[in-house]
Amino acid sequence: MDLTRLTISEALEKIKNKEISIIELVRSYLKQIENLNKTIGAYITVCREDCERMGPILQEKLDCGENIPLAGIPMALSDNIITRGVLTTCASKMLHNFIPQYDSTVNEKLRHSGAILLGKLNMDEFSIGSSNENSYFGPVKNPWDPERVPGGSCGGAAAAVAANMACFALGSDACGSVRQPSSFCGVVGLKPTYGLISRYGLIAFASSLEQIGPITRTVEDCAIVLNAIAGYDPKDSTSANIKHPDYTAFLKDNIKGLKIGLPKEYIEKGLQKEIKQKLCEALTVFESMGAVVEEISIPMTKYAIPAYYIIASAEASSNLARYDGIRYGYRAEDCESLEELYKKTRSEGFGFEVKRTIMLGAYFISRNCYDSYYKKALKVRRLISEDFKKAFNDIDVIITPTVPKTAFKTGRKDDPIQMCMSNIYTVSANLAGLCAISIPHGTDCNGLPVGLQLIGKPFDEGTLIRAAYAFEKNT
Amino acid sequence: MKDLKEKLMEYEVVIGLEVHAELTTNSKIYCNCATRFGGEPNTRCCPVCTGMPGALPVLNKKVVEYAVKAGLATNCSITRYSRQDRKNYFYPDLPKAYQTSQQDRPLCTNGYLEIEVDGLLKKVGIHRIHIEEDAGKLIHNESGNNTLIDYNRCGVPLIEIVTRPELNSSAEVKVFIEKLKAILEYTEVSDCKMQEGSLRVDINLSVRPKGESTLGNRTEIKNLNSISAIVRAIEYEAKRQIDEVKKGRKIIQETRRWDDEKGVSFPMREKNETVDYRFFPEPDLCPIIIDEAWLNEIKSSVPELPDERKNRIIAEYKLPEYDANFITGSKTLADYFEKAACKSKNPKAISNWLMGDLSKKLKENNVEITNIPVTPENLAKLVEFIDSGVISGKIAKQVFEIMWVTSGDPAEIIENKGLRVINDADEIRKVVIKVFEENPKAIEDIRKGKEKSIGFLIGQVMRKTNGKAAPDIANQLIRKELDRYFDS
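Chains as they are written, first to last, in this note's numbering: chain A, 1 to 475; chain Y, 1 to 488.
Bound-form chain Y, shown alone (with noise of 0.2 Å):
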């Protein structure tokens, strides 16, 4: 009986997130060091964040903005008196031995997000959202048996965002992560790379009989860097989680790492005992104090979000909800797509290309939006063309392949190689023609009721002009011709 009960318990898993997103500041939170990503090893420092001794930190207000921005954005209170805090630990790549973080006084708390799965609402709670500087990294370099250290990404200014313990499962976790991506993108407070570390993920995770209220063990999963790893880390350990469970073990609380190749976490080599970080204010530093005139002039500067935009593109170009989900989920996309479709008469065509086409090259090609060689004024220029008949969907095909290595104007590109439509019927009839003289198999067949044959005839007709013929005329040249035919 035990057993069958524990057969059909089901579970729930819990999942928090910690997510470090890198800030788009030009300079370093500290300091005056350039944030640029890569560079020379060691080329991106100075005495204050390699951590000498006598050298002190002044905080860039950029940082500040740009960490209330993101929280105004996510629905969060703002703390109007906040404080830096020191986080005690030795390793290689934090110079200080101490990462200058908040931990009483976060800047901003209490938000949320809300997202959509399967047709349902749901509101996940932000816990806070703190100011904190990145470490250093460290290249261990096997052949020469030693480890060099680069600094150039210490004191980089990250914000920490925490969630409550709201979300579960991995397909909950996707969408928060790329709605709060977008905000982040669309606030232009992080670029979000997820794959040069600018965005990193850390998940909280434990499972529970459902209907239970306390939260069983968790584990924590450490810097992510990809949605997919994500997905993929969230599975796994829920299913490892129920299945220890399930075995009557206890889930043993414990950091993890996620190996994206193998598709497994294990656990990180650590000691059994919590680490005491000693937190106490950084007297170096002085209370961040935002008035009244400084949130207003921060509030002013948030844009248009995501949610906002999509229900504006709805209205505006009149987009099905399906593809302004799409568009709106990255700034760049929308900002593209808008610049198209306000010089369009035809925006669900665009909308069309930017889903189709165009996402497969950005994917295959691994390009950023903002840089390709098609122009949204080019793109929109295409679809006029197809919608006036000038040349066939197909055709556009091959002209946006054009397009997309020379970066030509569609229009050139029509004429210089000839690909305009041919309306001409006299100059179709001739080719229908022709079709007919080489396919009396295909006629007979016709004759004999098979009107499938018919769409073979108009392929003929597309092969011999390269795809340009007009087809309601060739397919009505067709027709006239097998009346006469039959007729004669």
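Only chain A is shown next, with the shape it has when bound in the complex (with noise of 0.2 Å):
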């Protein structure tokens, strides 16, 4: 038996009646990694030791009776998600070195779930790209056709979770970086509200935009982790004081009387044929298990990659000036004064694609752009945030594709026009604080993945894991 086909709830099922034990569990998947590693590339980390370690100690408090709910599930995490003792680069030469003494909030919940850290996930650089062809660890492949990229920024971890190589994982996603991957590799993806996982020790990018969210291989996995991460964090001042559901709870097979709206900005261009066919039977399948489909309008959205793409550079550009050599990571060698060792350490430190964000950013939040170009960002926000708002008035989920194209050839990442397309569907719910998930569902005519898209409204997980279970189930 392959144990790293099992899902959650199998290998949990399975370890509680001694059928196998955690260290098998665990020691399988890093004989995946192994073998697999070299050509996808996905991990930038492997903790083999701490694996060994953690894999027994588990194993016999879970042997005790302690109910420990993750406990002995193999996963891996982004590797711009802090983890203590455990290097954390962020997939950058500027943090090639960086072992952090803290821990993020995720972490240590996932941790104290019993979840085991298998190593830390290769990703496009400080999440910035879509194809995750922007490491300073190399690329990552598809699974599916190494010829073609996994989407990004948190390429890593869906390429890892589609090819076995972690039981789950989580990535962040600030316009799709985890919906994005999860399409393009054929895995479940969610990003979950602003506000409903702590942010604490996810080094970052957009603040204002990014959510950590679990990648997996079923929606009920989805929702199993999703219980273990989210929740209020004293330490995020962006979370919010809510209490959340058990998610596991809206694994039901019924969505009768659903209300699905279709906005139909998002069927009118440049979506790939059979991702427009793939649409219409995932309607007539919502349709006969009782869902009402109805179509709806989102004007503002034609905005939203503009706008996301001002917030989010300016943003970094402000949260990538702590990157200066004088405290940790990389340094430039041989500066005659603070200003060149400033000059060289950013300009090696950073990839291309990080210093263009970081140019484009700075000069949006200059002084004398900041009204034209920032300010006008952050109303076409509001407004689009808006539009969702009055949409949801009479629908219960939005649908949509994921992305208007499956997973596209290496090498194109100097375009970034179509980079930032690919996000065209999946950045709407970043600017307006919503909850989107990507399910799989089936193929195109190359045998790559393609995902469908649910939006819901805000700290409504609920929701759309009850509709994409049913999905799920019917499909």
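I should point out that these hints are in silico values taken from the structure, not numbers from a laboratory. Please note: incorrect hints may appear among the correct ones.
Pairs of lysine to any residue, SDA-like flavour, derived with a Cα cap of 25 Å [unchecked claim]:
1. K222(Y) - K355(A)
2. K355(A) - V275(Y)
3. K409(A) - F352(A)
4. K379(A) - R83(Y)
5. K123(Y) - E10(Y)
With the hints in hand, could you dock these two chains into one complex?
Laid out in structure tokens, this is it:
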């Protein structure tokens, strides 16, 4: 039996029934990583020793009857999530040697839940990119076709879960960085509502847009992981002080009467024919289950990409300013002055896309551009939120394709517009602070996975999970 | 003619201040690290205040309360929906490469303070008060030819108080800062220890011909940390600018550094272009919303302020305005005064001690009044002993010296050292007779009409009794003895 094929719930069941031991499970993942990482490049760091050490400890606790919800589940984190004592690089030369002495809230929570950290996942440097080709540690390949990209920025996370190199993974999503690669790699990716998951320990790229989200193989696994990581964190001022439900309670194969909105703006142009076809099929599936589909309009959505670009790069230009070679990380050698140290360190430590983003972002908030770019982008953002709010008065979830095209070939990373367009359906949920999930829905003629996106009201992950679960069960 | 006009032209100095005050909260503005001054370098910091990747700020509510308190005490409007912004710039003491501050929506705006200079009242506008975080400290290690950084101060909460350019002399600035300091101390917002850098003043100064309404080019003198330095820097800079203008030169808008030892200011090496801090709203922090209930809670925590206290002290203790002004200039001094005065029948005498001997001692020993061996109760007792004639004023000074060293009770000191006034006429008479015997020349002088020599005789009696003889009795006895002498 290939243990790496097990979902979280299956693995937990088998561990509980003593059919398998935690260490067996962990070792099969380590083996899988060993076999595939050279070709896929999903991992930057593999924590073999920690895994070997933690497996027996957790097994013993479990055998003593302790209640540990995710005991022994091998998982991996995108390398922009801080892990105490474990190299955390953000896929950048700038942090190539950075071992944090503190922990992220999500890692702390997962540790307490008994999950085992297999390692840290490759990504686009500092979350900037949509193809995972902007990593200091080399590109990640799509497990379905190594000629193609896995998507980005959390390409390593999606590829690892798709290639059974991790039972689940966490990435972060500022415009689709969890959902777009999940769609490209045929796995489930959730971008939770802004404020549901603590950002403490997520290396900031676009603070007001990004949320940590789970990448799993099934909707059920998604609900299980969400239960483990959601919740108020006093260490994150933007985390919502609310009680969240048990998300596994929404795993019900019943969506009768669910009102689904289809934004007409999303199916107009640039959409791959097969994806459009798949979307129609999906609507039929939902209708057959008793859901009602309505056409809706989100008119401001056409400005979403430029608004996102301005806000994200502005925030990034400030968030990435701290990497100056003074305290940690990369420091350029042989500098005569402070200014030279700054310039050389940042020129040599950051990759091209990161530098482009910083330059643009700094420009957008410079004194003379603030009003015409940044302030305007905030206004657009507010209008997009209002559009969605209005739409959600009449419907429960919005359905869209996750991406307009399936995974593209490698080597196109110098086309930033193309990169951006692959996030055209995902970015609005970030601007409006909504939750959204991408679920696999078959393949196109090249055998590449197609994704379906469901967008929900703020903090209504439950409904998303219910709809996604029903869809999964009926396709 | 033109030269003459130039010479006759009078100039007006226009000054605006930016005052940074460290707040007395126990913990830092965005984390739980302690704010205490000093400490081993880099022992009071954490991932948040050292700006480690992924760390996030959480606003300390007390910081808002303190800033609002300062705003209420300086007649400001309180912004009910305010925001924090990032001020972006690179410097090694600023680990995030941005300072979290407030730009568009500061917590307090449009206040004023009333000051009195040379008997004239003047309202000085306060433009705004906002909260922000302090930076770390660079330590230049000359022997090792390197620079070290101590982040203990990083994230210590500050308020920045910005006045309108409405001050016109060093004297006005001095009074304004003393008043502001008193208010911040009274409200316990800041301990205002200028020597430790918990109150720092930047001066914006320009000059213009009297009567002109547009402002001249200004210079900024940064980080002055004593009132005398502020006064000297203003006087130097005003004169420098007026001299420049008189020579027909233009004032360069620049930042200058004051060298207190040399008594000169000089331009700081800076690029000519103005820095663009690229302010934008801090996305990691939520807007600060002050609702009615919270505001009322803060309002009720504002204590009696210096002006109110001054008026009350004048009314309650019948002190002259001059004394009341002096005493209420510092909260701790006023606290001390009231503790002593409420136990005394003679508050004015207490006030005299505070303005005189006690202030001198504080200065000599460089100590705070909260930290001295002489308790207010003991000072009140000392005054009582003088007033009831148990000891003389001169002896009281001796007793005070002993109290300062031993923190003893004046009653015990007087008893143990035998300092009580001698009221026994027989005892004093014996001394007087002795003095007469020893000073025939003085008596001869008096007989010839040299009245002054009576004082000399009294002095001799006091000397022989170590100052303890009751002066009125000594005086009486000497006159009686003289009469007897001349009669015979």
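Please list, smallest to largest, the hint numbers that this structure does not respect. 1
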